[in-house]
Amino acid sequence: MVRLGPFARYLLMRAAFLLATYITAITIVFLLPRLIPGNPLALLLTQLYQQAQANPEAIKEVYKTLMEEFGVGKPLWEQYVDFLSHALRGDLGTSIAFYPRKVIELIAPAIPWTVGLLVPSTITAWIIGNTLGAIAGYRRGSYFEKTVLTVSLILSQTPYYWLAMLLVYIFAIKLNLFPAGGGYSYGLVPSLTPEFIADLLWHYTLPFLSIVLVAVGGWAIGMRVLVIYELGADYMVFSENLGVEERKLFRYAFRNSLLPQVTGLALSLGSVLGGQLITEIVFNYPGTGYILFRGLSTLDYPLIQGVFIILVATLFLANFIVDFIYALIDPRIRLGYAQA
Amino acid sequence: MSSRLKKFVPVTIGVALVILLSVVSPLLYAQAAIPREDTVYVIGCQWGPPTTWNMFSPTQTWGTNHFLYIPLFVYDGMHDVWLPMIAERYEWVSPEVLRVYIRPEARWSDGKPITAYDVEYTYETTKKLKYGPGVGCWDYVEYIKAVSDKVVEAKIRVPPKNYFSFLSCVLGFVPMPKHVIEPLYKKLGDKLKEWKNDDPAKQVVSGPYKLHHYTENEIVYVRLDDWWGKSIFGLPKPKYLAHVIYKDNPSANTAFEKGDADWAGTFIPSVWQLFPKGVGTWYSKKPYYVGWGVNFLYLNFNSTVFKKAEELGVGAALRKAIAYAIPYKDMLEKAYFGYGVQASASFVADIFPAYKKWVDYDLCAKYVGSSDCRFHTDLEMAKKILDEAGIVDRDGDGVRELPDGTPLKGLTISVPYGWTDWMMMCEMIASNLKKIGIDVRTYFPDYSVWWNNVINGKYDMVIGWDANPGFDHPWNTYRFVLDPRLSPPAGNWENYKNWKISKLIDEIASTIDPAKRMEFYREIQEFIYKDLPAIPLFYGAHWYAYNTKYWVGWPNEKNPWWFPAAPWSGSPGNSFIVLFGIAKKGEKPKVPDWLKPIDEGGLLIPTSKIWEDLAKVSKPTATPSPTTPTTPKTTPKVTVTAPGRTVTVTKTVERTVTKSVEVTKTVASTVTVEKTVPTTVVRTETNWGVVAAVAIVLLIVGIAIGYAIKRR
Amino acid sequence: MAVPTIVWVLLTNRRFVVGIALFLAVVLTGVIGPLLYPVDPLSFAGPMETPPCEKYPLGTDTYGRDVLAQLLVGTRTSLYVGFLTALIAMAIGTVIGAAAGVKGGLVDEALMAITNVTLSIPSILLAILIASYLKVRSLEVVAAILGITSWPWYARAIRAQLLSLREREFIYLSRMAGYSDLRLAFEDLLPNIATYIFMAMVLFINGGILGEAGLSIIGLGPTQGVSLGLMLQWATLMEAFRRGLWWWFVPPGVMIVAATSSLMIVSTAMDEVFNPRLRERG
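Protein chains in written order, with our numbering: chain A, 1 to 340; chain B, 1 to 712; chain C, 1 to 282.
Derived by calculation from the structure, the hints in this document are not laboratory data.
Some hints could be false.
Straight line, CA to CA, 16 Å or less: simulated EDC-like cross-link-like pairs of lysine to aspartate or glutamate [claimed, not checked]: (1) 308/B x 404/B; (2) 497/B x 226/B; (3) 130/B x 105/A; (4) 102/A x 216/B; (5) 307/B x 198/B; (6) 616/B x 149/B; (7) 102/A x 310/B; (8) 102/A x 139/B; (9) 112/B x 190/B; (10) 196/B x 61/A; (11) 128/B x 105/A; (12) 127/B x 105/A; (13) 128/B x 198/B; (14) 60/A x 310/B; (15) 130/B x 68/A; (16) 146/A x 272/C; (17) 64/A x 190/B; (18) 191/B x 234/A; (19) 196/B x 68/A; (20) 191/B x 69/A.
Take these sequences, add in the hints, and give me the full structure.
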């Protein structure tokens, strides 16, 4: 065997472990929808029947050929082998409900929207939340801390879909300040003009706010506690007694508390591709959450699998990156593995 | 530690920037914006991403079957008239042969003429692919072929000699361009059904619009200003036609309320609240929407309790009692916002004058006991019927039992989850049935599960639909609901087996004489009143609403110049005709002159005229009996016209002979189909155990692998 | 001796008092409310979409059902679902986490693998699966769906806590005394992390209440009865937002926020009191 450094070995182990978990997860995603006693061709066939009124029985034949083509009636293990071999070649298959579109073609256009909505809003919420939380933790007992904590506690427990609907009700319907939904004004053809970008941002405001508002609370609560912990740590007390400047102390505390929050950020960015189903529906915003929901509600096996293959992959990738960062930063992990 | 951390901040910001750029990148296709005042925005016809614009594909984007590819004749269901579109006229050559003459002007959008060969080729391709325009027509049509460039000839298959299916196959036929499809088919073969046809530059269409551009969220069509039909029909008024793909009704309706959409095909709660904002529906008062298709309560003859009741001879009484117990009025008022009208006990959509004539109200009154041929909610009546049939509560638990002691307990009434109006109706029906001593629970599974239950006959009661009304109504409804040769979901959801009715259904379809047809209808209606195989609930609303913020002149009750008017109505009952008569706000709308009956100088041909013309050519033989396989006797009469014809005649004679054999085959094959469907399902069911086992094994294997790797 | 001091300390904490008062108010609304206002929340008797008036203090919905009656019963069911979810999730999480933490080795690896896999399977898929098998989704089923899908992070946390505790001296002593693993877990280890478990319970109850509403909104909530989530769902389906029927969609949301945030406030306040590292200095 090639001798690897403890660091590389640790990463390799983690990667292998995640890969195994990944395959298991994907297998379960493959099996679960097939356990449901529903018919993935239901939606497709309903449309067909409406078009073949002259002879509805003739559709039975189409039904059979489609069943064969999608391999729906095949034994399960055969379907599984099919699915795996195609997936390995990067072919996620053809959607059933949106036949003949490829699964990848359906997911790909949704990804920029989801990422474009969720990544900036997650990061913004993270920055605002952590700043507020850190200041609150530093200025314990102040009026500021109390306000931040109370507001954060309430916001973090607000159902985000309800908040989203309230925002639509107040700002779009009652005040008519913002559009009620959509990614951009329909009728505008997507282009890189200032006019279009302004329109894009205008449509962006409400969904962005609805996510940021709820998320800020959680980050602020977490950061406040972390900073308090850090300020109470022995080294802090020691430094304080040494007469280190207060600003400097705060900066140390802030930096050291940031690590778990960075982990949290990485993990929530990893799950971004799951989309925000209800936000997407409420704001009629294009995104992966809705694609997944359509797949699930129509039992579109290939679509469900396709979304999950990508989704779980990013999730695990984020996990791996977190592991990597930890290994990089924390010598104990390396040493721990070296000892084992 | 912290210095390392410092590096991550710029990295994350960098990543965020890259991602933001990737969002913007698909927006680089720069094109001009579409002017709002030239565009009709549509909602409610497309709920998922666009798929294809290909008539041979099992899925099509809205527009394909509506105005990209248009039929030979377009049908107006309210006035029961046909508008010749691509076709100029028809001609009955004999009682079995119909010719359709294509307009000399008719051209594809690339300038090539639309010919009979396009029709023939499209039909032949459908036959090969098993799907496409005219699917399934081969059971009713002997052939569809080109006689010359502009003349299509079609012959009815005898037996079954089904004029209804024959006419809808031929008149409503939608041709595709042969010169485009033929090379594609040669290249793709069966994969032709995966052809998307989504390049606006390459689309070759027959209708007045073609694709302008599409995204995952929006489809935009643009008018062809040099459309071939310009000289006959003029041009439709909107330059653009756009459909924004909303994710659910509320978001679509919000846009509609704001005037961001003009033409709606969605369910809108309390639509009258929008009237002050310029919104209109067909009727300005209740029921607001036109009834379209009958919604039934289907009671499964094969479910344990109903089967037992049938065996004991009390099935009809049980169903009738249920029919009297349903709170029709409350259901329509509360669950349906008053958008519907209770359906006639005869199954006929008698709200349309064209169909009302097929109901024998005296006969109905005799059985149903009301002059308007409706079941009127009457719990006492329901209880009385049950008591008389011996379905009484013997053990005093509040639930009645069948004469043999089977309790009417644990029955379910089921509709798909999220179909709010139907769900509420189920609740109301269940609560009323409880009052007459029948224990029914509601069950709302996902659509795909519900559908599977219906296909496999695994349900007690469901609310379901029937065929959409057409020129063949009520025959199509009778066939859908009653014909024992059909199986769900193609029809006969309740599994009622009455072979006398299938004979009547065949006879009606081959009868030309209206009086005789009425006689047959009366017989069917008598069966319905006696057995009540399915309980007609109400006419489902034809969701059509318009907003006059940008466009005016929409058809409605006061100005009913075209129907169907809902944007989702595709061939042959297309609604795009509406676009010819509306006008921009501020301009005066004008209903096109050609939207007048043919004897008033317009183009509209009443269905009755088609029958009259058929009767004219079939005078000598009057009404040929359909039950005896047609002998060559009738066909030689055709040989009057062209000399080349004799050849075809001999051919057809040969075919009719073999046909009788083939028919028995098709009957046999339908039986096998019925069988095969359940077997596949049985297979999926038995799979579950295996599935679970496989799942566990795989799980263990996965964990083991993970563990082994980690241990190393 | 110690107990009264703790109570006293808690009661002097203003945040705690406000939180617990609010939470008790919500609980009373759910428990006693329906008794004081005995109107059938599912009766279709009323007029359609009436704004609040004397007869209907919170108006009626599209089907003429009394919104206040729905709110009271809905609060009760939502709390019930919340508690049940917490119970199920904690039962599973504690057992798995404790087993992994105490046993270690192969058991630990296997259990953590299961935990990780469960984490990666979204609850919605499981919910649809369960939903299609059961004709009726009762409140208990909904709670079970939520409980079964929310335990992993808790199991992980329990395991981590135990691992750190395991290294402490008193455990060595117990082991040397020959205690069984089970006894070890329940007698020595769990009491040490009891406060932690309480905090987790609050999170699970909130998760249950919010989760029920979330599932209901996409049509996977309880199939029968009344809950805050179902109220929001019907309000959404009937487009109460677009049509400005605020009395239908505002109250259930406010009630959810009141229930969940009051619990969070209580939990935070308790944390400040019991966690020595969080106690305010001087």
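Verification of the supplied hints:
1. 308/B x 404/B: Holds. Residue 308/B to residue 404/B sits at ~9 Å (cutoff 16 Å).
2. 497/B x 226/B: violated (54 Å)
3. 130/B x 105/A: Measuring from Cα to Cα gives roughly 26 Å; hence the hint is violated.
4. 102/A x 216/B: Roughly 13 Å separates the two Cα atoms, so the pair holds.
5. 307/B x 198/B: violated (51 Å)
6. 616/B x 149/B: violated (27 Å)
7. 102/A x 310/B: Violated. Residue 102/A to residue 310/B sits at ~49 Å, over the 16 Å cutoff.
8. 102/A x 139/B: violated (34 Å)
9. 112/B x 190/B: violated (26 Å)
10. 196/B x 61/A: Violated. Residue 196/B to residue 61/A sits at ~22 Å, over the 16 Å cutoff.
11. 128/B x 105/A: violated (28 Å)
12. 127/B x 105/A: violated (30 Å)
13. 128/B x 198/B: violated (23 Å)
14. 60/A x 310/B: violated (29 Å)
15. 130/B x 68/A: holds (14 Å)
16. 146/A x 272/C: holds (13 Å)
17. 64/A x 190/B: Status holds; Cα separation ~15 Å.
18. 191/B x 234/A: violated (72 Å)
19. 196/B x 68/A: Violated - the C-alpha atoms of residue 68/A and residue 196/B are around 21 Å apart, more than 16 Å.
20. 191/B x 69/A: holds (11 Å)
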